[in-house]
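Undergrad: Construct the entire structure; sequences and hints are all you get.
There are 2 protein chains.
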Amino acid sequence: MKLTILGCYAATPRSLNNPTSQVLEIKNHLFLIDCGEGTQVQLRKSKIKFSRINHILISHLHGDHFFGLPGLISTFRLLGRTNELHIYGPQGIKEAITLFLKLGDSWTNYPLIFHELSSTEPEKIYEDKKVTITTIPLDHRIYTNGFLFKEQLAERKLNIAAVAKYKIDKCYFQNIKNGKDIVLENNQVIRNALLTFDPPAPKSYAFCSDTAYSEKIIPLIINVDVLYHEATFLESERKLAPKTKHATAKEAAAIAKAANVGMLILGHFSTRYASLELFREEAKTIFPMVELADDGKEFEL
Amino acid sequence: MKLTILGCYAATPRSLNNPTSQVLEIKNHLFLIDCGEGTQVQLRKSKIKFSRINHILISHLHGDHFFGLPGLISTFRLLGRTNELHIYGPQGIKEAITLFLKLGDSWTNYPLIFHELSSTEPEKIYEDKKVTITTIPLDHRIYTNGFLFKEQLAERKLNIAAVAKYKIDKCYFQNIKNGKDIVLENNQVIRNALLTFDPPAPKSYAFCSDTAYSEKIIPLIINVDVLYHEATFLESERKLAPKTKHATAKEAAAIAKAANVGMLILGHFSTRYASLELFREEAKTIFPMVELADDGKEFEL
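Protein sequence lines correspond, in order, to chains A and B. Taking the working numbering, the leading residue of the first sequence gets 36, the next gets one more, and so forth. Taking the working numbering, the leading residue of the second sequence gets 36, the next gets one more, and so forth.
Calculated from the structure, these hints are not laboratory results.
Copies of the same chain look alike in the list, so a pair counts if it works inside one copy or between any two.
Here are the computed lysine-lysine pairs in the DSSO-like style, where the Cα-Cα straight-line distance is at most 30 angstroms: (1) 82 to 332; (2) 129 to 280; (3) 80 to 332; (4) 274 to 137; (5) 62 to 80; (6) 165 to 129; (7) 278 to 137; (8) 137 to 251; (9) 280 to 319.
TA: Have a look at this one:
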């Protein structure tokens with residue numbers, strides 16, 4: 036699992052501060068999460084292959100999470116894309132993108148499939164053999180979802196020494212990896228636990244931005260390996276947070292602690308502060324495992 | 036008159052290639068022409084004050100000329116703008132921008148005034164005491180206008196020595212600058228030509244992008260001081276030009292020559308070429324006064 040931060044700053048794009056966008060690589064999938072203006076240039080800088088992105092998730096329709104999407108969709112067309120592109124985002128996103136394409140008479144030459152979200156309850160929006168994605172309803176000024184990515188449990192690992200000992204033929208290996216017991220020719224039953232090891236624990240990642248401090252999300256993200264939580268403000272501006280429906284570094288840390296997450300990544304920083312290290316310092320007073328997002332930064336998780 | 040190129044490349048934004056946008060400073064007005072993705076960051080890099088921009092002209096609704104506009108309008112709001120902002124562009128632009136603002140529940144706190152264009156004949160879309168702007172209908176894949184900026188003729192310059200000689204009181208000076216003759220107390224008429232000098236010749240600038248080679252525009256831009264004409268292709272790709280409704284460097288030069296312009300600036304370059312100098316070389320075989328646009332480049336005209 037690898038997370039590449041393309042942009043992690045609040046509000047307007049600046050020369051050195053890109054609005055929210057990130058790429059999660061999980062089980063060989065690339066998921067693009069949010070798409071502020073400039074995302075496609077940031078993708079190029081991070082040398083991420085455009086053709087590997089088949090799913091884009093948009094948390095909410097504020098410009099700093101969304102205004103790069105029409106351009107990225109157009110660029111996919113210019114690059115000759117043929118693969119399906121799936122867009123997950125709040126209701127209205129299809130009308131908006133479709134209008135922009137219509138005005139430019141620039142329809143895509145690849146299938147563009149919208150999955151519009153309107154539920155205020157968590158819902159599973161994606162599932163395959165490797166990964167599931169579930170929404171995390173957030174508390175922001177407009178309809179907003181975070182996203183919880185979970186690896187599916189992998190198949191069990193073959194105990195090579197054990198299958199050799201019982202002289203089990205290769206043709207049974209897949210059944211064994213799937214958890215089946217084996218009956219030998221002498222009718223002896225070999226329990227699966229003797230033939231396999233547990234698979235690695237499935238990894239999980241939760242993206243929560245933008246949101247005010249909301250204890251409602253805690254049960255949804257309990258025990259995740261990595262939580263990305265917005266921290267627009269420091270304590271000095273903590274009164275602004277509930278008004279603007281954003282969170283402080285300490286609030287993000289309190290959520291991380293209550294949800295017992297493995298690691299907290301802070302992002303969506305206001306550009307008013309001289310140093311990002313202040314965010315880490317304030318969060319660490321509550322929760323120890325804190326990392327700071329930054330544009331172009333990669334986390335091997 | 037000063038022209039700042041914010042972006043001058045065709046198609047998709049890249050790390051070092053911004054799509055079309057430029058700022059024309061003329062008689063203390065700043066006009067923003069086109070607004071591809073990344074325009075607001077380019078404005079910051081060029082240290083252009085956002086608050087000085089009150090008029091934005093959009094040639095057409097292809098993404099590389101337009102997708103930076105929702106973000107710029109939102110940024111004006113975040114910066115606390117109160118001045119009116121006037122947007123001139125093809126019909127549909129109001130619906131598109133309004134939908135994006137509505138989806139984000141992010142209405143502007145300043146007056147946003149749309150002037151939607153649909154005429155295929157040249158029309159005067161702006162006039163004040165200093166400047167006029169007239170559309171230049173272009174030949175592109177979708178409805179597209181270029182823009183002709185003309186300084187208004189300034190008032191005549193007072194001949195200080197002459198007014199002293201005739202002992203003319205200061206209170207008549209404005210009338211004289213406005214071109215009036217003067218009647219002295221002895222009823223002698225002093226013709227204005229004796230009291231004034233001609234004002235400087237009004238400057239003019241024509242922006243023509245995107246367009247195929249079109250001789251129809253020649254009478255509209257005859258004798259302009261500076262012509263910005265798109266040159267997406269070199270001769271090696273000249274067969275692509277009419278198909279995509281773009282022009283080559285030589286075609287731009289042919290228009291410049293036929294319209295007897297003072298200077299030609301080439302832009303809207305395809306990024307397929309190794310060197311921009313090739314555009315200059317090809318254009319110069321037809322028209323001598325050729326300059327190349329480049330992102331961040333400033334032309335004092």
